[in-house]
Structures are given as C-alpha cells and as structure tokens.
Amino acid sequence: MIEHYVDSASTFSGDIDNVILVILASVGFWFILAEVVFFWLILKFRAKPGVKAQYISGEKPHEKKWVTIPHYATLVFDVAIIIMAIKVWHDVKINLPEPDSTVRVIAQQWAWTFVHPGPDNKLDTPDDIQMVDELHVQENKTYHFELTSRDVLHSFSVPVFRLKQDAIPGRIIKGWFKATQTGQYDIQCTEICGIGHGIMPARIIIENEAQHRVWNTTNAPKLAEVAPTTPPTSAGGMP
Amino acid sequence: MSTAAHAEQDHAHGHAHHDEGFIKKYLWSTDHKMIAMQYLFTGMAMALIGGFTVYAFRMQLAFPGMSVPGYGRVTATDYNALVTTHGSVMIFWVAMPVLIAALGNYLIPLMIGCDDMVFPRLNRLSYQLFLISSIVLIASFYVPGGAFGGAWTSYPPLSAKAEYSLTGLGSSMWLLAVALEFAAFLLGGINFVTTVMNSRAPGMKMFDVPIVVWMIIIASILFMASVGPLIAGAVMLLFDQQIGTGFFDPAKGGDPVLWQHLFWFFGHPEVYVVLLPAMGIVAEIITVFSRKKLFAYKTVLYTAIGTGVLSFFVWAHHQFIAGIDPRMANVFSVTTLLISIPVAEMVFVYIGTLYGGSIRLTTPMLWALSFIAEFLLGGVTGIFLGASGSDIYFHDTYFVIAHFHYTFFPIAFIGSFAAITYWFPKMFGKMMNETWGKVHFWGTIISFNFIFIPLFFLGARGDHRRIYDYRHFPDLMKAGMQDMRILATLALLVLLAFQVVFLVNFFYSLFKGAKAPANPWEANTLEWQAPSPPPHGNFPQGLPNVYRGPYEYSHPDRQADWWPQTEPEPTKS
Amino acid sequence: MPTGRLAVWWLIASEIVIFGGVLGSYIMHRLGHPEWANQSVHTNTWAGAFNTFVLLTSSLSAVLAHNAASRGDGKRAAKLLWATIGGGAVFLVVKSFEWTNEIQHGYTITSNTFWSFYYTAAGLHGLHVIAGMIVMMFVAADAAKNKELQRVENAGLYWHFVDLVWIFLFPLLYIAK
Amino acid sequence: MSDNAHAPAAPGAEPSNAHGHAAHDDKFYIRIWGILLVLLVVSVIGPELGIRVVTLITAFGIAIVKAYLVLKNFMHIGVEKKYVAYLLITMVALMVLMVGGVGPDVLRHDGHRWSNVAAKKTVEEGLKAGGGHDAHGGEHKAGEKPAEPAPAH
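Residue numbers (my numbering), protein chains in the order written: chain E, 220 to 458; chain V, 27 to 599; chain C, -16 to 160; chain U, 202 to 354.
The following block holds chain E by itself, in its conformation from the complex (with noise of 0.2 Å):
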C-alpha cells in the first residue's frame, strides 16, 4: 500500500510494507467489525415508548462470551502481527549482512555530512569523498552505516528505503540498507534538532554501477597517490 506513495527502494521496503498491509487488514477487519456492530446496536435499540431496556449483569458465562471470544480473538491477531514485525525487525535492525562498503553519515545543526569511503572502498583513508546534504550510493550494493551527531538528537530517515535511525551525540550506531533501484531521494532529519529542523533536508542518489564509478572518480580528493586503475568497488558487491 505505501509502494503506492512512497517508492519502494530498498530490499527490506518490501517486508516493512507487507506487514503494515497485513496489519492493516487485521485490524482493518476488526475496526470495521466493531464499528459496524456498533452503529447497527444504536439503530436497533433506540428508546420506543412503552419499551423498557433489557435487564443484563454481562456477569454471566453466556453473556460473557461476547467478550471475552474477541477478547481471545485480538490475542491471536496480536500474536501474529508480533510475528511478523519481530521478524521484519530482525532483518532491519538486528542482523547486519556484509557491507560491501562503509559510509559514515554525521549529522549536525543543521546539515549532513556524509563521509564516503571513495575509490578505495575504505573510511579513514585520503580518498575519502565528504559531501554535505548528498549521499551517493550504488544500487544491488549492501551498505552499512556509521550514524552519529555532533551536537543534539537528529534522525537519518530515508522514505524510499523505510529507513529511519536517531542519532545520539557520543554514539555510533550501525546500519544497513540495500537499495534496488537508482533515482534520487530525500533524506529527512525526524528528531527536532532546532530551529533549523526543517530545513535540514539532504538527498540520496542512488546510481547503477557506471554512474558511480564516474562520481567516484571525479569526485575523490586529487590526490597522486590514488590508483584511478583499482576498480572502485569490489567485485563482490554484486550479487
């Protein structure tokens, strides 16, 4: 359903889309359920004259019933979305596939900087590329991300991935993102960081392999040192 609005980028945007359309339809049914139950009681039992109410306790174990039956009923719904989000959970958030690169996404008032590891594929080397308010990266590629602040709380958020981590000043916290299709996006910041929370907007390019390969090169540091030859990214980040 939010493929509809929102692209869908990433290799987990799937998973996280499917389990809000399989709780949307959940308690989808139930909300439409009780409300229908609802409105249909209020029209049944309007007060006639010379019609008395119904004398019922609701404490008796056929009475009961109709509580507690749905009472049973959203434990089973609830086990299942529980399911389901751990699940989509685990893969976002708790397992970490190898990187085929590393990119280091530093957030502050109000801007991001985005630390690339460059031709060589590694951080904390001379060719690295710094850009502010634009991460550049390649699609069918496992990404993680080194996530931290400078001052306050921000939140590296991308849509398209259904990406959303805080980062806390004093952490480094790790993620990971696959993209599956090239374009460009925004990069929101979701923690109110300021005054200048909203107009910390930043974009993500994703670009196939070529597209990449060139940014790389024009983009790194000219520095001698920097083989032009070595092949930008590792084979292997194809899968």
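Hints were generated in silico from the structure; no laboratory data involved. One should not assume that every hint holds.
[Said to hold, decoys possible] Derived EDC-like pairs (lysine to aspartate or glutamate); straight-line CA-CA distance at most 20 Å: (1) C:Lys62 - U:Glu325; (2) E:Lys306 - V:Asp509; (3) C:Lys160 - U:Asp226; (4) V:Lys504 - E:Asp226; (5) C:Lys160 - U:Glu249; (6) E:Lys393 - U:Asp311; (7) U:Lys322 - E:Glu365; (8) V:Lys324 - E:Glu278.
Following the hints, position chains V, C and U against chain E.
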C-alpha cells in the same frame, strides 16, 4: 483519631461557610466544587491557548510563508515554540486539569456521598500550584529568546543547552512549569485516593463505586507511581540547563538516552492517566442514556487495572528507533501489543452495554458514543506503531500525529464535552441548550475527522513531524500533498469556529438557561440526589446511605427504569 | 486507617519513585563508570557516618514522641519532636561544613557527573529534611498544647522515611569507593 | 455543621487502631536504635577491609537490614494494613523495572550495533587521570579524613 482529622476539616470549612466575600468564595475557596470550577475554567482558558497555537502553525503548514491573521509570520523559531506549546498545553494543562482535577474534584465527593475532600486546604494548594505553573508557562513566551521549542518530549541535548535550543530561559521556564504542574497533581492525587478510601458513604462497598471514580483513582495512582522518575529527571535537566552539570551530556559522562527513558517511563502511563477518566465518563453516560446496567462491571474494573499495570511495561515503544538496543525493542513490542487486549476489551464491554438498551441520543450521549467510535480508530492505528517492524517507517511521521490525536482528541475534548454537557445541570443548576449542543457536536466531529484522516495519508506518504515548511523536501511536495495539508487546515478552522458555538451555549446556558431539576437524566448515582447545584456540604438532607450498585437501570422488579443508589430496599411483605 | 496517616503513606509511596529515579540513574551510571571511584574517595565517610548516626537518633526521638503522643502526653511529645528537629539541624550543619570543604577543594556540582549526582541526590534529600523540620515545628507547637496529637505520628512517619532514604544514600555516595 | 461531619469510614476501612501499635515502651525503641547503631558501625568498618564482596554485603546488605528495622519497628509497617506494605514494595519494584529496562542502554556502553564512544572515552580518561581532577584532589584520601570535619573549620 479520625474525629481529630475531621475537626481539622470542619475548621477549614468554618471559614468558607460564613463569609462569602468574592475572594474567599471564588479564589481562596476550599470547597471541592469551587476548586473543580477553578480547574475547569483554567483548563478551558488553556485550551484556547492550545487552540490558538494550532491555528497559527496549521496555517503556516497549509500556506507557508503567509502572514497568519492574528499572529503574523510564523518563523521557524515560532513554529517550534508553537508546536511545543500546543503539545504540552493540551496534555498537561487541558486534559489533565479538566479530566482528572476538575472532574475528580467535582465528582469524587458527590459520587461517594461525602461533603468534601478529606484535605480541602491541600486541594486548594494543589490548584494554586497549578495556576502558578500555567502562569510560568505563559510567561515563558515573553522572555528573551522566546518560548521553549524542543517539543513536548524535551529531549536533551537540545533542551539542555541554550547554545543548541537558543531559548535558555524559555527551556527552564517550560521545565519549571511542568514540574510545578506535576507537584500539583501529586497533591491532588493523594487527596483523591485517601478521600475515596476513607470517606465513602455508609453502605458503599468497593463494587458500588461508580466506574468514573474508580478510573480517576486508578489514573491518580498510575500518575503517582510513574511521575517520580521524571520529576527527578526534571531536576537533573534543570541543573544541566542552569548550572552546567552533565547528566544528559555525553561529553561529561552523562547520557541523553536516559532522559528519553525517564520521560517515557512516565509518558506512557500518562496516556492511560488521561484515557481512564475519559473511559469512566463514557461508562456513566452510556448506562444512563441506554437505561442499561453496565455490561460486566467487574470486567471493566479489571481491564482498567490490567491496563494500568501493563502500561508500566511498554514505555520504550516510543524509542524503538531512538537508539535503544534493538533487542529491547522485541520485548517492548510484545508488551505493547498485549496492552491492546484490555483496552479493546473495555471498548467491547461498552459496545455490549448498548445491546438491549433504550438509547436516547441526547448531546452527552452523542459525545459518549462518538468517543467510542473515534477512539476505536485511534486504538487500532496504534498497532502500526507498537509493532516494531512497521514503526520503523511510521515513527515521527504524521501517521503518529493522526494516531495520537485520534486517541487524545476523544480523550481530552470529546470526553470533556461529554462530561460537561452531562454534569452541566448539576454543576450550575441550569440546563444546556440541546439544539446548539447538537450543532456543536456534529460540527466538531465531522471537521475533526477531516483534519486527521488526511494526516494519516500524509504520514503514510512520508511527511515527518515538526517541519515548518515542506517546500524544502521535493518528495513531500508531490501532487496532492499540499492539497491534503490545506484540507486539514481548513477543517481545523471549521472545528475552531464550532467551538464558538460551544462557548456561547455554555455561557448563555450558565446565565440564562432553564432551571435544572436535581436529577434531570434520572440517573442512579449519588451526585444526582444532591440539589442542583449542590450547596456547600453537598447533601443538605444529610449524607446518603448506599444500598446498591450504581448501574441498576431497568431492573425487572421495578416499574421505574432507574433505581437510585440511595433508595432503601423495599420491605418484603 | 486514619486519613492523615493514609495520606502520609501515599506521599511516601510517591516519594519512593522520585528518589528511585535519581538513585536508579545514579546506580546505572556508577556501574558503567568505574572511574568514578577516583572521585568518590574524596567524599567524607566519617561525616556521612556521623550524619547517619544523627538521623537514626532523630528517628528514635520521633518514635518516642509518637509513643508519648499515643499516651496523651503532648508536652513530652513536643519536647521529643523538638529534639528531632534539632537532629535535623545538626544534620544540615554537618552537611554544610562538609559541602563547603568539598567545594573549597574544587569538587563542585559541575566538576564531574559523579559530583553532580552527589550534590543532586543529597540536596534533594536535604530539602526533604528541611521540609520535615518545618512540618514538625507546627506539629510540635500544637502538640505542646495537647492538640492534634495524631499528627505526631504522621510527621514521625515522614521523618522515618527521610531517614530511610539517607540509609541508602550513605552507602551509595560515601561507602562505595 | 453536623452535615459537615464525616460519615463514619466505609465498611472497608476498620475503625482506627492507631493506638494499637504504640504498645511498646520506650526501652524497646532504644534497643532498636542500639542495634541500628551497631549495624552502622559494621557498615562503615566493613568496606575498610577492601574486599569487594564484604563491601557489598556490609554496605548494601546492611542498609537493607537497617531499612527493614526502621520500617518494622519505627514505622510499624507490620501493624499497618497489608496494602501499605504491598504499595511500598510495588513502588520499589517499579524502580527495579525501570533500571532493568533502562540498564541495557545507559548502564552498558556497548550494545547490539551501537557503541557509546563518548562514555567509553570518559571512563578511559577518568581512569587515566586517577584521583582528583585538580591539584587539591590528590591530597585527600578517604582514610586520612579527619573524623569530625565540621568543627574543624
């Protein structure tokens, strides 16, 4: 010993009874009904402030950059201050005082059949602290730097350091106001609990206590048990702000995540602190106007207690993606979905109560029924957020906003309107106008849905919270999105306009309304046995005796379809 | 149960969570920060122990006051309450010298988060000591006239609670080095 | 003002038994106070031995014993209605719950996929710096403190 305690109370009454000077009667009163009125009117005044702030920032969202009539241009700083004020005012200064303090103060002594709270002067002190807290909050708008703009959750380090928030004094005043408000409600809560434990009318057993009183008591206990860590945290944060300690500063060995935990350890039970009284109000109203015994009284009670207990185990679902250990999210996801069971059951019980009834759609009944209908949507959308997997996407989007407004609006406004329209005859001795009441009802309910249904869709499309101008985000300016923001804002304007109907009806009825009989709704509970409005001391004929539960409507042995709690059993011949 | 005493119990219950919030936060930080041991050695164990002694003794006089009040002996109850208030005063005096000494040596509330917790927790407790003393002054004044004797017990209960908090603060702040 | 007099307490609440618990004479309380003082001495001397287990038992174990003695004998919680004890236990349990829920994030500095580098840095620096953070700090070790600091000034 207990007589001595009463002597103290009589002493306090002695003052209020005889002199009827304006100040003593209206401002310095120890009468629970007057204090309830003080809370009610202060809460209503604060609701106007909350309403004005939402008007200003919704206008900015719909028509970014425009000069909002009556406010002016909404800058980013203004926007943050407005949303922060809106959130804190509506929860701490509207929902809490109206639902718990005003109704608790008004109803508890009347419904359990005693003449006043057991500590009337403590009660007065509680209101005065609350009043000071409101004044401090309002004053924070006029200090250099302006009002605090770090959201009602006040997460440090943004709230802890003036260099980040740019509102050094405003942050501290906000925090001080909240802390004072907590102190006020702690005093009030102790008063409520001891009153109900010790001053019930003779014959009133545990299960003869009306549900709304139970709910207020459970809510007060929840509040008392959960707010402590946040009071401690508020002191720590205040020191961080003003002295420069580092409780929440990672560079000094503190931890900003600690505040989030302290806040939500209180913050989640707080949801139930305001929900339960509203649920109680609905229970009173639907039984009276469907002339039915409450379906499974004890089940309602146990589910309320169950909800209260469970509410202490779910707090971290607000922090799934806030940097807590992801494995903890599994635990909290399970507990969160479990809490849906008692709450759902409570709603089922209410729906079950309607079965076989003789339903009269008066204004209070309309409000009570709409509470159930609207709260259902708020409840089920919570599942999306409690399930960790889908919360990754929805966290901090407008979906969250729509969800909790579908719970908080029914709680704070629908619940309060239900209560005010239902107990208005008792409070003021006048009937409210039904026609205008229904006009207000339909206008409010319809426009309310037109505000928040679009917000669900906006949230699903990725609109994130607390952004004052979406034009910076190309993905959020796709076709139709701005139209939905405008629709929500226009619906809000309609909703606000209909509140004028309410205010006019309220004050017109207050002064010019038809005189109300003691028991206009033919209800069973004790407050309706007192005159309307009840005099000082509540029951001039002497304190009542209680013979039965509060919901004996349409008993088969009786001609009348109601059976007051105070009516003695017929002598069997 | 008499209303006043019931209310005091509820008050104590809500105070438990307030102190629980501070102490819980402190314990979590303390366990995570072994280096704070280097700071906590500079707290004065003997001053803390002496203050524990003072508070325990004042608790004794509070309970003796209650005993006297329940016998109807308001005069004696008032005297014992004043002794309790005196205990509170000694506690505060010791505390103020202790703090002055520490601040003079550079251990202020901002110098380290251990000291922030130290001053905040003990300061919050100190405020409760002051509040208890003020309450007891009113109760003692009444009790001396044999009025409102049931309040002697209620004030005493509160004072015992303040003592209890200190019983836990003492090892947490002074002994754990 | 008869209407103002309270109705007798509801059936649930029994008539006051307040004077019931003051059955002990003053000597009893003095004896309890004596025990508390002995415990205090133990709790101060125990940690001086410098053995971790002994410190934990003497400092915190004895604090719990002392608290129990005060609650039982000074606050008469045994004579009080049962729910008072349950209420206090519930409040303490809630605090344990809070610490249990918060601990994984605040107490620990490493978790699943996150690491609190700032806290680890302060720990490391703090341990390296050793004692005091300034010139005066080093002079005062716990054992050298004067027994009575207050009158000394």
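List, from low to high, the hint numbers that the structure doesn't satisfy. Per hint list: 1, 2, 3 violated.
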